[in-house]
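Asker: In order, the protein sequence lines correspond to chains H and X. Just so you know, we're using my numbering here: the first sequence kicks off at 10 and counts up by one. Just so you know, we're using my numbering here: the second sequence kicks off at 10 and counts up by one.
Just so you know, these hints were derived from the structure itself, not from any lab. Treat the hints with care, since some could be wrong.
Because identical chains cannot be distinguished in the list, a pair is counted as satisfied if it fits within a single copy or across any two copies.
Here are the simulated lysine-lysine pairs, DSBU-like style, with alpha carbons at most 35 angstroms apart [claimed, not checked]: (1) Lys-52 to Lys-155; (2) Lys-52 to Lys-109; (3) Lys-199 to Lys-155; (4) Lys-319 to Lys-52; (5) Lys-230 to Lys-295; (6) Lys-155 to Lys-169; (7) Lys-199 to Lys-230; (8) Lys-137 to Lys-169; (9) Lys-155 to Lys-109; (10) Lys-109 to Lys-199; (11) Lys-169 to Lys-18; (12) Lys-169 to Lys-230; (13) Lys-52 to Lys-169; (14) Lys-155 to Lys-230; (15) Lys-90 to Lys-169; (16) Lys-169 to Lys-109; (17) Lys-137 to Lys-230; (18) Lys-52 to Lys-295; (19) Lys-230 to Lys-90; (20) Lys-90 to Lys-295; (21) Lys-137 to Lys-90; (22) Lys-230 to Lys-52; (23) Lys-109 to Lys-18; (24) Lys-199 to Lys-18; (25) Lys-319 to Lys-169; (26) Lys-295 to Lys-18; (27) Lys-230 to Lys-18; (28) Lys-52 to Lys-90.
One-letter residues, chain by chain:
Protein chains: 2
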Amino acid sequence: MRIVSIREKTVSIASSIANAYIDFSRMTCSTVAVETDVIRDGKPVIGFGFHSNGRYGQGALMRERFIPRIMEAAPESLIDKERDNLDPFAIWNAMFRNEKPGGHGERSVAVGTIDMAVWDAVAKIEGKPLYRLLADRYRGGQADDKVFVYAAGGYYYPGKDHARLQDEMRGYLDMGYSVVKMKIGAAPLKEDLARIEAVIEVLGGDGSRLAVDANGRFDLKTAIEYAEALRAYNLFWYEEAGDPLDYALQAELTGHYDPPMATGENIFSHQDARNLLLYGGMRPEKDWVQFDCALSYGLVEYMRTLDVMKELGWSTRRVIPHGGHQMSLNIAAGLHLGGNESYPGVFQPFGGFADGITVRDGYVGLPSAPGIGIEQKSALYAVMRELL
Amino acid sequence: MRIVSIREKTVSIASSIANAYIDFSRMTCSTVAVETDVIRDGKPVIGFGFHSNGRYGQGALMRERFIPRIMEAAPESLIDKERDNLDPFAIWNAMFRNEKPGGHGERSVAVGTIDMAVWDAVAKIEGKPLYRLLADRYRGGQADDKVFVYAAGGYYYPGKDHARLQDEMRGYLDMGYSVVKMKIGAAPLKEDLARIEAVIEVLGGDGSRLAVDANGRFDLKTAIEYAEALRAYNLFWYEEAGDPLDYALQAELTGHYDPPMATGENIFSHQDARNLLLYGGMRPEKDWVQFDCALSYGLVEYMRTLDVMKELGWSTRRVIPHGGHQMSLNIAAGLHLGGNESYPGVFQPFGGFADGITVRDGYVGLPSAPGIGIEQKSALYAVMRELL
Chain H
10 MRIVSIREKT VSIASSIANA YIDFSRMTCS TVAVETDVIR DGKPVIGFGF
60 HSNGRYGQGA LMRERFIPRI MEAAPESLID KERDNLDPFA IWNAMFRNEK
110 PGGHGERSVA VGTIDMAVWD AVAKIEGKPL YRLLADRYRG GQADDKVFVY
160 AAGGYYYPGK DHARLQDEMR GYLDMGYSVV KMKIGAAPLK EDLARIEAVI
210 EVLGGDGSRL AVDANGRFDL KTAIEYAEAL RAYNLFWYEE AGDPLDYALQ
260 AELTGHYDPP MATGENIFSH QDARNLLLYG GMRPEKDWVQ FDCALSYGLV
310 EYMRTLDVMK ELGWSTRRVI PHGGHQMSLN IAAGLHLGGN ESYPGVFQPF
360 GGFADGITVR DGYVGLPSAP GIGIEQKSAL YAVMRELL
Chain X
10 MRIVSIREKT VSIASSIANA YIDFSRMTCS TVAVETDVIR DGKPVIGFGF
60 HSNGRYGQGA LMRERFIPRI MEAAPESLID KERDNLDPFA IWNAMFRNEK
110 PGGHGERSVA VGTIDMAVWD AVAKIEGKPL YRLLADRYRG GQADDKVFVY
160 AAGGYYYPGK DHARLQDEMR GYLDMGYSVV KMKIGAAPLK EDLARIEAVI
210 EVLGGDGSRL AVDANGRFDL KTAIEYAEAL RAYNLFWYEE AGDPLDYALQ
260 AELTGHYDPP MATGENIFSH QDARNLLLYG GMRPEKDWVQ FDCALSYGLV
310 EYMRTLDVMK ELGWSTRRVI PHGGHQMSLN IAAGLHLGGN ESYPGVFQPF
360 GGFADGITVR DGYVGLPSAP GIGIEQKSAL YAVMRELL
């Protein structure tokens, strides 16, 4: 059993949306195919991977460093002999050979994307959906059959007024979502509050069904001004108020904001995750962390991050990953997370779930086919097929 | 005045050396040339940049994101009108447009390398060595005319015994260095202690002239075992014992080791630097930080890091940068740092100083030509000329 080839391609996910920090007019994403010599249903097993939005495609790093290291490793060193399958941990170690510690960015996306494709192949070789494989291997078989999802939207874009924002949010409720998220921080506070109130109106006046996301834009003073203005709405969460690495700001902000807060999508290693939990003042009984496997060295590293959480007294139920895709959905269902992001309509075809899988009362199910579910989302599979 | 072109190339700096974490058998480095339309001495001013060893060339990121953003910016938006020169801060902001916060690695090297070439051009346009320009702009004209340097070597490589290690260190003393550094952590403690004692013998029995570097290899238990064994030698410093982001380990280690410690070469942003100083238990009166401009978004970001140090009560004299090259040397002399690393004989031609500049009693001077001094190091200039 061996990996025959690893191919990658950079595709555009450009759109006219913006958050408080960046616009997505030139955003790209890497796709990866890991082809094996294992035959299932008469065809070689191929695992597919991609990564979450926001960090640009990383094909060059894959071609220069990570793919060659896997292809040059002795094939038998990458095998899980006990399970007669590929060994994602051994493959990860091969990728990380001769990489210095620290400095976790870009390469964390390159490694995370290949790692996703490896796990897709592993699940296909074992003939199970990935979430089932994860539950069987690591949680004594206990998987969730549905996962909480919220609809992340409410971006800024040219010409978007309150009526269009409300229409967007109504659309999410009609799709079956119960909690929605909107961007803040790219407009003055007063205007953001008017936007928030417009959305809460659509939510029947219930602020606890609305999350807001500042995308790391605020300094401490602004973060506190927003905290004081937001407090009364009792929001679902107040996300990434300050720089993602400004643990002191996050800890200080806790003293000014009692309702739930969230952060973590720009934390790309288990070492950084540990620092956030040690120094960021996050509250395990009510706050949320949003670590994103595809941006942060993949599922192999994600399990280390979940171990760090356990060490520090955090339930895995407090994780709702960034990314809005099926990989995070599988991890959520298989490893007992708290839910998953969802971006109805944007970052397509990478965002979203398998065709025909609908959201009901804020929860989504998973397909039963082996792997992550890429072949069960036809628009996504069409893009992946271009790798072959 | 405008930037006419930015070119980059990846060159090999492969060698047979290894530290406790990686080997350098496939190490690469990016070179950059920023060509302007400014004429000095009858020729267009061209700034050159490269980066410190250990993090691989980043040409693809430059080509895909950072060079296009500079070249697409309105040329007048990149000019320092008051000084009639390029504006490195405006150029930095153009590079960082549409980059999300957090995740500081790889791109920090790409940006840092271009930033170096920009500052080389700026100093050439102003007709001054970079250290003089920095002192004039930011320190009321006060520059150091010589900089403390130590010789970093003592790597592990096949067939290297104690006698060869001693010969290597004797060579550094003969070159004029007074303090030397060696790697630890890739051999068992007992063997490392024997290596250390062999080197201290060459240093006339004075352990305070020897620094040791574990390259982030140790867990807390091993870091403490080494601390207890090393304490009696009263070393110059004990460097990067644990993972560079494991601030809790570093803080705990402080309680077990009274002599100076050092870390920071794998800290790539001012946000990460702040966290190290806030949470790592580093002692401003005796410990050293080793932030490396070329790996961490360049001099523009480095000044933010120096501001963070000031805020937190640290003297700039406690910084001795990683990297062993003329860019860090200029920053050290111009911005009042504590010294600079030096790698006699390795990482050539990027490491080391201008031709004919010798080390005397542990200090090195700087050339008086405009810029960083790349043209004054013929082997380095030969590599840079390949860009043209």
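Asker: Where does the structure disagree with the numbered hints, that is, which hint numbers, in rising order?
Answerer: 2, 3, 4, 8, 13, 14, 15, 17, 18, 20, 22, 24, 25, 26 and 27
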